[in-house]
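First to last, the protein sequences are chains R and G.
For the first sequence, counting from 1, position 173 maps to 173 in the numbering used here; every step adds exactly one.
Take any residue in the second sequence, note its place counting from 1, add 1000, and you have its number in the numbering used here.
None of these hints come from the bench; they were simulated from the model.
All C-beta atoms, glycine included, are put in the ideal place defined by N, C-alpha and C.
Check the hints yourself; a few may be wrong.
[To be verified] Per label pair, the in silico range of CB-to-CB distance:
no., chain 1, residue 1, chain 2, residue 2, range
1, R, Gly242, G, Pro1349, 51 to 59 Å
2, R, Leu291, G, Ser1430, 57 to 65 Å
3, R, Val298, G, Gly1163, 49 to 57 Å
4, R, Val298, G, Pro1395, 36 to 44 Å
5, G, Pro1087, R, Leu111, 22 to 30 Å
6, R, Ala234, G, Arg1153, 55 to 63 Å
7, G, Glu1235, R, Phe115, 27 to 35 Å
8, R, Leu111, G, Arg1396, 50 to 58 Å
9, R, Leu291, G, Leu1425, 21 to 29 Å
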Amino acid sequence: MPRLLGILASLVSGPIVICLGMIAVFSLLSENFFSLSNAVNVVRQASVLALVAFGQTFVILLAGIDLSVGAVMGLTSCVTAALMLQAHLAPVLAAAVGIGVATVCGLANGLVHSFLGLNPFVPTFGMWGMALGAALIITEERVLTGFRSTLRVLHDGEFLGLPAPLLLVAGIFLILHTFLKATPHGIATYAIGGNEGAARLSGVRVRLHKTLIYAFSGFMAGAAGVLFLARSNAAQAIDTIGYEFDSIAAVVVGGTSLMGGKGGVAQTLVGVILIATLRNGLNMVGVNLYLQLVFIGVVLILAYVTENQGLFHALRELKRRLAGVPASVEEA
Amino acid sequence: MSAFRGSDTDSRHPRPTEAQILVGVATTAGRTADPLLVAKGISKSFPGVAALSDVDFDLYAGEVHALIGENGAGKSTLIKLLSGVYPIDSGTFILDGQKISIDSVRAAQELGVATIYQEMNLIPELTVAQNILLGREPRKGAGLLVDADAARRTSAALLGSLGQHIDPDAQVKALSVPQQQMVEVAKALSMAARIVVFDEPTGTLAEKETEALFRTIRLLKAKGMGIIYISHRLEEIKEIADRVTVLRDGHHIRTLSVGEAGIDELVKLMVGRELKDQFPRRRQPRGEAVLELSHVSLRGVLHDVSLAVHRGEIVGLSGLVGSGRTALARVIFGVDRPDAGEIRVFGRPVRVDSPLTASRLGLAFLTEDRKALGLFQIRSVSDNIILAAIQRLFPRFWIDAGRERAVAQDFVTRLRIQTPSLGQLVQFLSGGNQQKVVLAKWLATQAKIFILDEPTRGIDVGAKLEIHRLMDELVAQGTPIVMISSEMPEILGMSDRIYVMRDGRIGGEFAHHEANQERILTCAVGG
Chain R
1 MPRLLGILAS
11 LVSGPIVICL
21 GMIAVFSLLS
31 ENFFSLSNAV
41 NVVRQASVLA
51 LVAFGQTFVI
61 LLAGIDLSVG
71 AVMGLTSCVT
81 AALMLQAHLA
91 PVLAAAVGIG
101 VATVCGLANG
111 LVHSFLGLNP
121 FVPTFGMWGM
131 ALGAALIITE
141 ERVLTGFRST
151 LRVLHDGEFL
161 GLPAPLLLVA
171 GIFLILHTFL
181 KATPHGIATY
191 AIGGNEGAAR
201 LSGVRVRLHK
211 TLIYAFSGFM
221 AGAAGVLFLA
231 RSNAAQAIDT
241 IGYEFDSIAA
251 VVVGGTSLMG
261 GKGGVAQTLV
271 GVILIATLRN
281 GLNMVGVNLY
291 LQLVFIGVVL
301 ILAYVTENQG
311 LFHALRELKR
321 RLAGVPASVE
331 EA
Chain G
1001 MSAFRGSDTD
1011 SRHPRPTEAQ
1021 ILVGVATTAG
1031 RTADPLLVAK
1041 GISKSFPGVA
1051 ALSDVDFDLY
1061 AGEVHALIGE
1071 NGAGKSTLIK
1081 LLSGVYPIDS
1091 GTFILDGQKI
1101 SIDSVRAAQE
1111 LGVATIYQEM
1121 NLIPELTVAQ
1131 NILLGREPRK
1141 GAGLLVDADA
1151 ARRTSAALLG
1161 SLGQHIDPDA
1171 QVKALSVPQQ
1181 QMVEVAKALS
1191 MAARIVVFDE
1201 PTGTLAEKET
1211 EALFRTIRLL
1221 KAKGMGIIYI
1231 SHRLEEIKEI
1241 ADRVTVLRDG
1251 HHIRTLSVGE
1261 AGIDELVKLM
1271 VGRELKDQFP
1281 RRRQPRGEAV
1291 LELSHVSLRG
1301 VLHDVSLAVH
1311 RGEIVGLSGL
1321 VGSGRTALAR
1331 VIFGVDRPDA
1341 GEIRVFGRPV
1351 RVDSPLTASR
1361 LGLAFLTEDR
1371 KALGLFQIRS
1381 VSDNIILAAI
1391 QRLFPRFWID
1401 AGRERAVAQD
1411 FVTRLRIQTP
1421 SLGQLVQFLS
1431 GGNQQKVVLA
1441 KWLATQAKIF
1451 ILDEPTRGID
1461 VGAKLEIHRL
1471 MDELVAQGTP
1481 IVMISSEMPE
1491 ILGMSDRIYV
1501 MRDGRIGGEF
1511 AHHEANQERI
1521 LTCAVGG
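Between the sequences and the hints, there should be enough to build the whole structure, so can you do that?
Take a look at the structure:
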């Protein structure tokens, strides 16, 4: 029981407070915001981001970064759509191939990063270009539509009265959360991110582990790409560009440290909900699209500061800085 | 993957059960007839350096075998070979009479070698139990999940067997340093280690904590483990070790039992060589004090340090690595702010709260790591020389290229910097010439007091002499120098006065004519 209380206490963090505050404000400003149907709406909107951000969480826990995920998502949806359209592959099979391609992309990122010792920025940004280019070639820069709509059930479907993407995200979340907290590989992930040298000296197979995590991030980007396809029912190479930054933002705002070793998918879930709620709320209130970007930027920075330092600490620090460091002595 | 590359790849060292861990591994307490570990003819080179040459070493069960030597003697290399961090170039390790090959960290662990490094190797964000069993977690659920309850029980029991009551669920970052060390020892026990290596374990411990550590080491010894103990502190070695092996310049010098080894003799064995007068020093009359520290303290690092530097002298700061020499330089230069004490520059009390303040006061700090901190590798020689003095040389906004060249050329000539042109990128210069560029950079700022941290480390003999001549010239021109050096000949040859640091304190002060290596080293190790 005290453990449960501890978990609850740890959840009352900056992002959650901000999230609740936003919900209150939006509810006051728009009468349609605080409703079940809108909540379902937010969940559907958040589901794609949740999947890709889960993968990104693992990478960032290693103190890494995966910039390729947006383009890899696009490649997955284009490959899947093209296979259904041109090879008349069954949708499930096509989606499996698409996710497989994404996993290979992630695996390549991991191999280059771990075994050539390159900063992950380089291989994953390189992969961003390669995946985007490949998707443009496959689609001949067109929008692919007109394939069978079987996959739509992933996004639009319901089960026991609950939206399918909610169940999907919840299921995956539970698996990943358990993986991180209760399996040797999860502990190894934190260990590598916390102190890579120490992890190596403890006998953790660091390079292998890192490689697999990047492959997993690719896999999750693939899954997100399929879900994105299911939502839009059309595939275009550039539609998912931007998810690399959204996913990093969701992870970091949730409270996973960019320095690695600290955080988890639960934090990311909060970050995802925060971003999705903000987008949805601003839309409902009717804020101009460009002003939305400004708002989102401000809230992201605020959430990050309160998560990592606590709001009051941040304010005190600011005050101290403004007061100025004591002046130095004159030249001797 | 295989721990044994030799004849038997069987499972003589399977994953230990909980019970095995708790009782300890070895059944024989005390010294047995055959050594537990023999290292024969071990050699290891790194590019350009022979770190170990043909070193022999042996260790019995139930014995504490100390390994001593000066900085760079090869102690750490030997330990890293034994724990699988580096592969050996030649030689053999024999464990229990069987030739073994240690080709990875994991292999070393499976063979029962656990190493507790000087810099702690725990993951701060993980719990005590997670750290202790990292990579070897007890499983449940068809081997998929960590059995957290079992991990907790095992960890608590291991810690309990060391007389420690540390919560296995506590995050390691919340523990004190000695507690963390006990977690490391528990981790070693959990690996069913038969050999435990302590690499300078007392460097960060207070006296009381050291006593507790020694009790633990005696406990491990009584369980029949072999302990390799590295320390600079010879009095500790007299207390805890059974035998001691001295390494010097990568060679095995002697192994003797602690009973027959006096501290004086150990120091002689560690130092070894004869020092010739190879240093170009013209003694100057001592002028007024230009830099004075009184009772300067930095919590946990420096304690009540008082010293004075006068015009016309080179003050040597000696001491072992970690004794607080660099920390002291950082405080003087404003990188760290002292908690207490006073600093006076040219007789006036000052508050040095940043490196910028320090350089405005006329201080220059040449860091030990000139590649990372002293130079802009991919900029030209002239850019590097004028960079720190840009505001003084060019008070108006723009940089006069002609003036830049003239200033840079002047220094290149005066310091005899060998470079094909002023535009040469610094990264292509030799170490000695790079060091001269750093000196020129500070001279250009018209620095009046120089602090040099290991000024000739990694520089070949000829260039060393050049740097030493420059130092002598600087002093002759009235610029005093504080020189940190781990090289005894350099300290003895260049300094007018020598302060020896130990554990963040000034352990002793010697004028150059009363200093010799035995006295300094004895003072540094606290004999």
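Which numbered hints turn out to be false for this structure? Violated: hints 7, 9.
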